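Could you put the whole structure together from the sequences, leaning on the hints where they help?
Each protein sequence line maps, in turn, to chains A and B. Its first residue numbered 107, the first sequence is counted upward by one per residue in the numbering used here. Its first residue numbered 107, the second sequence is counted upward by one per residue in the numbering used here.
One thing to keep in mind: the hints can contain errors.
The list treats identical chains as one, so a pair stands whether inside a single copy or across any two.
Unchecked claim - Capping the alpha-carbon separation at 25 Å, the derived lysine to aspartate or glutamate pairs in DMTMM-like fashion look like this:
1. LYS143 to ASP224
2. LYS198 to ASP224
3. LYS167 to GLU117
4. LYS246 to GLU290
5. LYS161 to GLU150
6. LYS143 to GLU257
7. LYS125 to GLU150
8. LYS161 to ASP230
9. LYS168 to GLU234
10. LYS143 to GLU117
11. LYS168 to GLU117
12. LYS161 to GLU146
13. LYS143 to GLU188
14. LYS125 to GLU146
15. LYS198 to GLU117
By construction, these hints were calculated from the structure, which means they are not laboratory data. Since the model is a prediction, treat every value here as computed from it, not as a measurement.
2 protein chains.
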Amino acid sequence: MSQLYSSSLLENAVNEFAKLPGIGRKTALRLVLHLLKQREDEVELFGKTFIRLRKEIIYCKKCHNISDTEICQICANPSRDESTICVVENIKDVMSVENTQQYRGLYHVLGGIISPMDGVGPNDLEIESLVKRVQEEGIKEVILALSTTMEGDTTNFYIFRKLSPFELKITTIARGIAIGDELEYADEVTLGRSIVNRVEFTNSFK
Amino acid sequence: MSQLYSSSLLENAVNEFAKLPGIGRKTALRLVLHLLKQREDEVELFGKTFIRLRKEIIYCKKCHNISDTEICQICANPSRDESTICVVENIKDVMSVENTQQYRGLYHVLGGIISPMDGVGPNDLEIESLVKRVQEEGIKEVILALSTTMEGDTTNFYIFRKLSPFELKITTIARGIAIGDELEYADEVTLGRSIVNRVEFTNSFK
Numbered sequence: 107m108s109q110l111y112s113s114s115l116l117e118n119a120v121n122e123f124a125k126l127p128g129i130g131r132k133t134a135l136r137l138v139l140h141l142l143k144q145r146e147d148e149v150e151l152f153g154k155t156f157i158r159l160r161k162e163i164i165y166c167k168k169c170h171n172i173s174d175t176e177i178c179q180i181c182a183n184p185s186r187d188e189s190t191i192c193v194v195e196n197i198k199d200v201m202s203v204e205n206t207q208q209y210r211g212l213y214h215v216l217g218g219i220i221s222p223m224d225g226v227g228p229n230d231l232e233i234e235s236l237v238k239r240v241q242e243e244g245i246k247e248v249i250l251a252l253s254t255t256m257e258g259d260t261t262n263f264y265i266f267r268k269l270s271p272f273e274l275k276i277t278t279i280a281r282g283i284a285i286g287d288e289l290e291y292a293d294e295v296t297l298g299r300s301i302v303n304r305v306e307f308t309n310s311f312k
Numbered sequence: 107m108s109q110l111y112s113s114s115l116l117e118n119a120v121n122e123f124a125k126l127p128g129i130g131r132k133t134a135l136r137l138v139l140h141l142l143k144q145r146e147d148e149v150e151l152f153g154k155t156f157i158r159l160r161k162e163i164i165y166c167k168k169c170h171n172i173s174d175t176e177i178c179q180i181c182a183n184p185s186r187d188e189s190t191i192c193v194v195e196n197i198k199d200v201m202s203v204e205n206t207q208q209y210r211g212l213y214h215v216l217g218g219i220i221s222p223m224d225g226v227g228p229n230d231l232e233i234e235s236l237v238k239r240v241q242e243e244g245i246k247e248v249i250l251a252l253s254t255t256m257e258g259d260t261t262n263f264y265i266f267r268k269l270s271p272f273e274l275k276i277t278t279i280a281r282g283i284a285i286g287d288e289l290e291y292a293d294e295v296t297l298g299r300s301i302v303n304r305v306e307f308t309n310s311f312k
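Listed below in structure tokens is the structure:
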């Protein structure tokens, strides 16, 4: 079904929204009509915010997280544990870990995971820079916090091999039954792994 | 849960997307990260499209539909039936009716419906201009194509009263069982109305 737009300005705006992931043409039209109801200066701010973001955004030279400055707020914070690096896929994962308020070390954002299907190899990711940081910054522990997918496991293994010549602890985040989940509905692999990697009872309530 | 952003540019961009209806902060972040992966000129086009739309958009002087010109393509089309006006709530409804390819007359976009709860009265809508068109343009039929809600019915009735002094046919779109629907699941009011407003069998297959 082809939609007939009464204005090319309108059509262009719908097309731009519809390019975004998860936004179809119907939703795009709804968003455009919403913008049309806003004040002109508000829509100007809306548009300019994204242009400015894309133009002025900086990636932290150390951890490759998004930043307003050359070294991000986390890397520059003297109260963080500088001997621990948590390796994550993207900046969303940095936010997720930060929101737990359970981690006080630094990060390293890979910018993706190894995925031959999508044409992403180790050289497309920030792995060499991680190795360099481990060599130069006196890192004592690298925590691998990637997805529990085949791509995540492949990337974990690749990084593990790259870092194995160095004297440091390499860990991965615990896999197991999610808190609040019923055992009955857990898949066998997760349940199996959670039994193998069981922890002391008292420890688990720390 | 407060989200910690590593960049104020990022935070501003997420805030702007999250202002749109139906877009939460998680989706907003996903959209922003998508934009960050696009080329700078693409994001520039993205932002400028909405600014230009808001600045340059024109509403047709006759029917109040969105337009690139003072009189919209539909009103300016000499092959359309100029004696019939279809009254709709907004420009989305113009598109819906146009997409059926069953209507060759003109439109009149009210810009909303009477809704005391939302503070929308008759004077906030393009009703006076409709009355003026009926007076001046030799209109023979006005089709009321509003939603079957209480607000829609109120607006229908208000317009009906305003137009009753003039000699013209006032109709509303047919209410009935949707094509493809099973009778079993139709609500009583709709089914009742579809029996009262039954049509000649041959006619219904035209």
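Hints and how they fare:
For a Cα distance limit of 25 Å, the shortest separation of LYS143 from ASP224 across copies, 15 Å, qualifies, whereas the shortest one inside one copy, 40 Å, does not. Taking the shortest Cα distances, LYS198 and ASP224 sit within 25 Å of each other inside one copy (20 Å), while across copies they are farther apart (38 Å). With identical chains, the CA atoms of LYS167 and GLU117 are at most 25 Å apart between copies only, with a shortest distance of 20 Å across copies and 40 Å within one. For the homomeric pair LYS246 and GLU290, neither the shortest alpha-carbon distance inside one copy (39 Å) nor that between copies (69 Å) is at most 25 Å.
In this assembly of identical chains, the alpha carbons of LYS161 and GLU150 lie at most 25 Å apart whether taken from the same copy (16 Å) or from different copies (9 Å). In this assembly of identical chains, the alpha carbons of LYS143 and GLU257 lie at most 25 Å apart only when taken from different copies (20 Å versus 45 Å within one copy). With identical chains, the CA atoms of LYS125 and GLU150 are at most 25 Å apart both within one copy (20 Å) and between copies (14 Å). For a Cα distance limit of 25 Å, the shortest separation of LYS161 from ASP230 inside one copy, 22 Å, qualifies, whereas the shortest one across copies, 41 Å, does not.
For the identical chains of this complex, LYS168 and GLU234 are intra-copy neighbours only, at 12 Å inside a copy versus 64 Å across copies, given an alpha-carbon limit of 25 Å. Taking the closest pair of Cα atoms, LYS143 and GLU117 come within 25 Å of each other both inside a single copy (16 Å) and across two copies (24 Å). For the homomeric pair LYS168 and GLU117, the shortest alpha-carbon distance between copies (21 Å) is at most 25 Å, but the shortest distance inside one copy (43 Å) is not. Taking the shortest alpha-carbon separations for LYS161 and GLU146, both the intra-copy value of 23 Å and the inter-copy value of 7 Å come in at or below 25 Å.
Proximity of LYS143 to GLU188 under the C-alpha cut-off of 25 Å is found in neither arrangement, the shortest distances being 49 Å within a copy and 29 Å between copies. Within a single copy, LYS125 and GLU146 get their C-alpha atoms as close as 23 Å, and across copies as close as 15 Å, so both meet the 25 Å cut-off. In this homomeric assembly, LYS198 and GLU117 come within 25 Å of each other (Cα to Cα) only across copies, at 12 Å, whereas the closest approach inside a single copy is 32 Å.
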